[in-house]
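A.B. asks: Residue 131 in my numbering sits at position 131 of the sequence shown, and the numbers go up by one each step.
Because the hints were derived from the structure by calculation, they are not lab data.
Accuracy of the hints is not assured; some may be wrong.
Distance ranges between label pairs, derived from CB positions [to be verified]: (1) Gln70 x Lys120: 29 to 37 Å; (2) Gln92 x Gly113: 35 to 43 Å; (3) Ile143 x Thr82: 16 to 24 Å; (4) Ser25 x Asp112: 39 to 47 Å; (5) Asp54 x Ser25: 13 to 21 Å; (6) Gly113 x Asp54: 31 to 39 Å; (7) Leu64 x Asp112: 25 to 33 Å; (8) Asn118 x Ser25: 28 to 36 Å.
Idealized CB from N, CA, C, for every residue including glycine.
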Amino acid sequence: MPPSPAFGGDHAEAARRGQRGDPMSNATPSDTMRAYAQATLAVDTAAIKAITTDGFTYTHSSALRETQQQLMDAFAGGRRYTGWEIQELAEQSYPGCTIVTGAAALGVKRADGPGVLNIKFTATMVPAAAGGWQLAALHTTRIPD
Numbered sequence: 001m002p003p004s005p006a007f008g009g010d011h012a013e014a015a016r017r018g019q020r021g022d023p024m025s026n027a028t029p030s031d032t033m034r035a036y037a038q039a040t041l042a043v044d045t046a047a048i049k050a051i052t053t054d055g056f057t058y059t060h061s062s063a064l065r066e067t068q069q070q071l072m073d074a075f076a077g078g079r080r081y082t083g084w085e086i087q088e089l090a091e092q093s094y095p096g097c098t099i100v101t102g103a104a105a106l107g108v109k110r111a112d113g114p115g116v117l118n119i120k121f122t123a124t125m126v127p128a129a130a131g132g133w134q135l136a137a138l139h140t141t142r143i144p145d
């Protein structure tokens with residue numbers, strides 16, 4: 001499954017530039033979620049680090065909980081996603097954060113071959129110091145087949 005054409009550009013590259021002072025400073029929380037998806041597809045740990053906060057946590061649909069470093073170590077150790085097709089996105093803003101919810105088809109490599117996980121996700125975005133947004137927490141829930 002190829003990346004969704006809805007990405008509309010190389011958000012992961014924009015995140016790396018943002019870390020050096022160029023924007024992703026104008027990125028919306030939804031743009032940041034798309035950038036995260038693209039960075040994980042590209043196994044771009046520099047972009048993942050720029051997009052996520054130091055205290056980032058990812059709770060997988062399997063209930064595995066990972067910190068930012070554990071996530072980057074998993075990609076360095078061979079974790080691969082083969083697709084991140086974001087199908088729905090919605091934002092709800094609160095003082096100090098924006099919650100992004102959505103649905104996606106996540107292509108994964110498994111021991112028994114490729115698979116697709118249909119998921120719902122909730123992401124907490126916080127303002128980044130340089131402008132734009134960073135991903136502070138991500139929680140996914142698998143949609144039963």
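A.B. asks: Look at each hint and say if it fits the structure.
C.D. replies: Now the hints, each set against the structure:
At roughly 22 Å, the beta-carbon separation of Gln70 and Lys120 lies outside the given 29 to 37 Å, and the hint is violated. The given range of 35 to 43 Å is respected by Gln92 and Gly113, whose C-beta atoms sit roughly 37 Å from each other. Range check, Ile143 to Thr82: Cβ separation about 18 Å, and the 16 to 24 Å hint holds. Our hint of 39 to 47 Å for Ser25 and Asp112 holds, since their Cβ atoms are close to 43 Å apart.
Between Asp54 and Ser25 the CB atoms are about 19 Å apart, so this pair conforms to the stated range of 13 to 21 Å. The hint said 31 to 39 Å for the Cβ distance between Gly113 and Asp54, and at roughly 36 Å that hint holds. Between Leu64 and Asp112 the C-beta distance comes to about 19 Å, which lies outside the given range of 25 to 33 Å. The hint said 28 to 36 Å for the Cβ distance between Asn118 and Ser25, and at roughly 33 Å that hint holds.
Hint check: violations occur at hints 1, 7; the rest are consistent with the structure.
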